[in-house]
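Take a look at the letters that make up each chain.
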Amino acid sequence: MEPSQGFGSGAIRVASHAPVSFHSDMKSLTEYLWFEVPNRRGFVNITRTVEELVRKSGVTEGICLVNAMHITAAVFINDQEDGLLHDYEVWLEKLAPHEPVAAYHHNRTGEDNADAHLKRQIMGREVVVAITKGKLDFGPWEKIFYGEFDGRRRKRVLVKIIGE
Amino acid sequence: MEPSQGFGSGAIRVASHAPVSFHSDMKSLTEYLWFEVPNRRGFVNITRTVEELVRKSGVTEGICLVNAMHITAAVFINDQEDGLLHDYEVWLEKLAPHEPVAAYHHNRTGEDNADAHLKRQIMGREVVVAITKGKLDFGPWEKIFYGEFDGRRRKRVLVKIIGE
Amino acid sequence: MEPSQGFGSGAIRVASHAPVSFHSDMKSLTEYLWFEVPNRRGFVNITRTVEELVRKSGVTEGICLVNAMHITAAVFINDQEDGLLHDYEVWLEKLAPHEPVAAYHHNRTGEDNADAHLKRQIMGREVVVAITKGKLDFGPWEKIFYGEFDGRRRKRVLVKIIGE
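Residue numbers (my numbering), protein chains in the order written: chain A, 1 to 164; chain B, 1 to 164; chain C, 1 to 164.
Everything labelled a hint here was simulated from the structure, so no lab data went into it. All values reported here derive from a predicted model rather than from experimental measurement. C-beta atoms are modelled at their ideal positions from N, C-alpha and C, and glycine is treated no differently. Be careful, since some hints might not be right.
Stated by the list, open to error - If you want the footprint, here are the derived chain A segments under chain C, 3+ residues with CB under 8 angstroms: (1) 26 to 35; (2) 64 to 74; (3) 94 to 105; (4) 110 to 124; (5) 129 to 142.
To be verified - Here are the simulated DSS-like pairs of lysine-lysine, each with C-alpha atoms no more than 25 angstroms apart in a straight line: (6) K133/B <-> K135/A; (7) K56/A <-> K143/A; (8) K56/B <-> K133/A; (9) K94/B <-> K27/B; (10) K27/A <-> K56/C; (11) K27/B <-> K133/C; (12) K135/C <-> K27/A; (13) K56/C <-> K135/B; (14) K27/A <-> K27/C; (15) K56/C <-> K133/B; (16) K155/A <-> K155/C; (17) K133/B <-> K155/C; (18) K56/B <-> K155/C; (19) K56/B <-> K27/B; (20) K56/A <-> K143/C; (21) K56/B <-> K135/A; (22) K94/C <-> K56/C; (23) K135/C <-> K155/A; (24) K155/C <-> K135/B; (25) K27/A <-> K143/B; (26) K56/C <-> K133/C; (27) K135/B <-> K27/C; (28) K143/B <-> K135/C; (29) K155/A <-> K56/C; (30) K27/B <-> K133/B; (31) K155/C <-> K133/A; (32) K133/C <-> K27/A; (33) K56/A <-> K135/C; (34) K133/B <-> K27/C; (35) K94/B <-> K94/A; (36) K155/C <-> K27/B; (37) K56/A <-> K27/B; (38) K94/B <-> K94/C; (39) K94/C <-> K94/A.
Please model the complete structure; the sequences and the hints are all you need to start from.
Pasting the structure below:
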């Protein structure tokens, strides 16, 4: 039991299991997912694709890394609810507006996507998900999303699975 | 040695060690921590609990993933200092205000927690911590926190340890 | 194939490979990079240093964790473009201003770096990068940066490589 801290508090209860040792070899799987989002911005639920790759990997205990390979895109975990995805879009535009394009030094290079580099830092480049008993070890509402902030061209996401 | 970049600069010095090979089997440990924060928002220092799980795992070289399993909560690493936790609370409320509740489309579903989904993206879903010589390989002030943004109900955090 | 979701959409195509099994032992490498950024804030491109450590580790399939060991610094992946690094500096100062110092409770401890703790949450503590065929598995523009928000003193970054 840990003492509670800060302005709130909550008891910790641990659901306990014995550690597991493996006698088989380490496995890995590497896959690249391609996207071409037709608009500048968009969110794509990629959960089922990642689940299929976990099955294919044969890994029963390990981790699954999913990351954008482009620096104007994100991978994050949140809720599959259209209102929320709309709220993210509005919120990110407020925190890191696309306009005025000339306000960003990066756009002097001929790009107009400086805001996309900023938005991606809020949402995150990657997620690392535990694999337990051969499946993504997810809470009830966790879904993996690709977040595109400068679309209309082909981009990749990397899925790397390692474990036993 | 890497050239310095950007608007600041700093020399890199590398403290160097030989790579380590392991001849034992891979190990893993999976644990679920339960929380029920009595207020809507709160921070809980879970460092000691995670340290105990690392000991229990028997892993000496590897990584420890700690992630919220709910999408209105965060896991992050920062300082155990009450003033700072207060500053996070004020700052997150400014960047992603709870009110007006009706400003968020997500809240049309009957929820009032859209802001919690946004706040969690700033603070992060997960941390990945190195395990070296059987311990969390931490800097002097690093502490692991559970960040609750929509509490008053039971929620889980996953701890997954893999390594040798 | 996953259905598209949210306000945008994009087809997913998977570049497919067979899973790989390893018959050698697990390897790990632990290194500490030291920084002393001469200004309060600065960004340092550490990509080549991390690449050299991956080579040194001998790991061909695995992951590389790179994290700040101090809680007023970040490690993130984005573009080596001076205009963009300038834009990050301006943007972070807007989202989490240094002044007025007295606005933050944390600074009542005698510190003046509360904003640095906030800025680091936006940019992130760590990155996890896949290692494939002995190299960091990077998209065309991905570079690893150390982000300093309270410099003028020595600080460390941890590089942990595990795999086969």
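Does the structure break any of the earlier hints, and which numbers would those be? When the structure is compared with the hints, numbers 5, 6, 9, 16, 18, 20, 22, 25, 28, 29, 31, 36 turn out to be violated.
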